[in-house]
Amino acid sequence: MALQYTSDEMMTIAAARKIRNGAPLFVGIGLPSAAANLARQTHAPDTILIYESGTIGAKPTVLPLSIGDGELSETADAVVSIPEMFSYWLQGGRIALGFLGAAQIDKYANINSTVIGGTYQRPKVRLPGAGGAQEIAASCGEVLITLRHNKRAFVETLDFLTSGGYFEGGDSRAKLNLPGKGPTAVITDLGILTPDPVTKELTLTSVHPGVTVEQVVAETGWPLKVAPHVDTTPEPTEKELAVLRDLNERTARAHAGQQ
Amino acid sequence: MAHITQLSDAIRDAVRDGDIVALEGFTHLIPYAAGHEIVRQAKRDLTVIRMTPDVIYDMLIGSGCVKKIVFSWGGNPGVGSLHRLRDAVEKDWPLPIEVEEHAHAGMAAMYAAGAANLPFGLLRGYIGTDLTKHNGRIKFIDCPFTGEKLAAVPAHRPDVTVIHAQKADRKGNVLMWGVVGVQKEAVLAAKRSIVTVEEIVDDLQAPPNAVVLPYWVVGHVCEVKGGAFPSYAQGYYARNNAFYKKWDDISKDRESFTSWMDKHIKGTKDFAEFKLSLAGQTLGGK
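Going line by line, the protein sequences match chains D and X.
All residue numbers for the first sequence refer to our numbering, where the first residue is 157 and numbers rise by one.
All residue numbers for the second sequence refer to our numbering, where the first residue is 10 and numbers rise by one.
Please note: incorrect hints may appear among the correct ones.
[Stated by the list, open to error] Some chain X residues judged to face chain D by a derived CB distance under 8 Å, without partners named:
(1) ASP139
(2) VAL188
(3) ALA247
(4) ASN250
[As the list claims (entries may be wrong)] Mimicking BS3-like on lysine-lysine, the simulated pairs with C-alpha atoms at most 25 Å apart in a straight line are:
(5) X:LYS142 with D:LYS280
(6) D:LYS280 with X:LYS100
(7) X:LYS275 with X:LYS254
(8) X:LYS254 with D:LYS280
(9) X:LYS254 with X:LYS234
(10) X:LYS148 with D:LYS331
(11) X:LYS158 with D:LYS337
(12) X:LYS142 with D:LYS331
(13) X:LYS272 with X:LYS284
(14) X:LYS275 with X:LYS261
(15) D:LYS280 with X:LYS76
Derived from the structure by calculation, the hints contain no laboratory data.
Cβ atoms here follow ideal geometry from the backbone N, Cα and C, with glycine treated the same way.
Working from the sequences, and respecting the hints, build out all of it.
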């Protein structure tokens with residue numbers, strides 16, 4: 157009998173699978189944190205989770221609500237100050253993989269988490285802003301991005317470029333001399349996009365089970381490039397689903413229980 | 010030189026209308042009690058600095074204390090928007106707000122430069138991003154040795170920095186541990202400082218290399234038990250994630266925000282009374 161699962165669960169599981177065991181991983185809050193913790197509790201138990209609060213090697217049992225929850229520092233190998241986090245560890249080139257979410261993304265995997273609509277001074281929606289994202293995007297060895305796939309998020313032109321992917325494509329990132337190589341995969345609730353090796357344009361390389369290429373094209377705000385052969389993402393395994401659901405349930409209980 | 014005082018006296022003395030104020034804390038040890046007192050004393054025209062302005066800055070902005078905000082991530086962590094910040098930016102309520110926006114690495118460098126008495130902080134950052142188009146205080150310079158293009162941001166020099174820590178001793182030496190954020194730099198960069206602590210003890214029992222701010226670099230030290238609620242103080246109490254979620258409802262519209270502030274903050278004389286007032290209806294709310 158086929159397993160029942162949601163598109164969000166598929167997204168988180170597909171994102172978790174991209175994490176190599178043992179890599180130091182700079183984790184954004186929300187979807188990236190869920191995927192990183194799932195990876196650590198399945199195929200990548202030695203993943204080194206680094207949160208920008210200064211917690212290095214955190215081993216939380218529930219998903220943190222904020223990037224500085226107490227459990228992160230209690231379980232970390234080291235807790236460092238914020239200036240040290242950003243200068244010695246991130247800028248110092250110690251972190252192999254960065255994992256970010258976003259409100260908007262464009263075809264060169266540049267992301268926006270600052271403002272939507274209107275102008276910068278008078279936006280329609282004011283988002284939290286860059287936080288650590290722009291230096292994570294610049295300085296980690298490589299970057300994974302995860303977000304839900306729809307035309308509001310996958311746009312032809314960003315309202316604001318918060319964190320750089322491949323800028324205008326081609327060698328434009330290389331010309332800026334950023335230390336990291338940039339985003340290597342965008343994992344959504346519909347499929348997986350990877351940058352073209354030369355043009356750096358995001359290309360649909362995998363669709364999740366039950367999703368058609370046409371559907372992904374229709375939910376993308378630019379004419380989406382599709383690989384000659386599009387894979388189907390392997391379905392979640394029983395173990396992946398069980399661990400993810402258990403993690404989410406424990407998290408919900410922990411966050412609701414505090415009075 | 011440290012002196013141990015009541016929080017209301019410390020705010021009256023050290024926070025003045027028009028000041029540049031940093032209330033720091035990176036999700037941990039956020040000086041909520043001190044922020045409440047700034048609202049109670051109706052300070053005005055403040056420029057508030059913070060890497061991660063959260064609920065306490067939402068309270069200050071919605072209460073009309075703030076003229077300008079300097080920040081790098083303004084949200085309710087794990088929950089969503091700061092509705093009072095958004096209302097000020099998007100609709101000028103209760104007042105228009107000037108925004109100076111950075112990224113975390115830049116803000117950290119600005120505090121570190123302030124603590125080091127340097128004019129600017131230096132980092133490999135901001136390159137190619139839109140923040141540089143809207144913030145004229147982010148500049149680029151060429152490394153005199155390699156020619157590499159690097160970002161330069163001006164030092165933070167707050168008039169007053171406010172932090173919360175776990176302990177102080179009777180002389181005013183301050184000890185903190187856990188996620189220590191940028192608090193040490195923020196205090197050393199400031200002209201004046203206020204430190205609220207969970208408890209004042211005879212002996213800090215600080216191990217070597219602990220984060221200690223010696224009594225002669227801090228100003229007011231005030232004992233306020235639970236003063237970081239709803240954030241947390243490691244070793245004392247956990248982060249109240251439920252309150253952060255609740256704040257989303259309280260702050261969503263102007264009326265519910267104002268009545269909540271009137272009842273629980275302006276209608277109480279200090280943090281102890283605030284806690285009692287909240288307990289009266291579990292988590293406050295509408």
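Going down the list of hints, with the structure as the test:
1. ASP139: Hint on ASP139 (chain X): holds, closest Cβ of chain D at ~4 Å, below 8 Å.
2. VAL188: Constraint on VAL188 (chain X) satisfied, holds at 5 Å.
3. ALA247: holds, 6 Å
4. ASN250: Holds: closest Cβ of chain D sits about 4 Å from ASN250 (chain X), inside 8 Å.
5. X:LYS142 with D:LYS280: holds, 19 Å
6. D:LYS280 with X:LYS100: holds, 10 Å
7. X:LYS275 with X:LYS254: holds, 22 Å
8. X:LYS254 with D:LYS280: holds, 23 Å
9. X:LYS254 with X:LYS234: holds, 23 Å
10. X:LYS148 with D:LYS331: holds, 19 Å
11. X:LYS158 with D:LYS337: holds, 18 Å
12. X:LYS142 with D:LYS331: holds, 19 Å
13. X:LYS272 with X:LYS284: Given that 25 Å is the threshold and the Cα spacing comes to 12 Å, the pair holds.
14. X:LYS275 with X:LYS261: Measuring from Cα to Cα gives roughly 19 Å; hence the hint holds.
15. D:LYS280 with X:LYS76: Given that 25 Å is the threshold and the Cα spacing comes to 21 Å, the pair holds.
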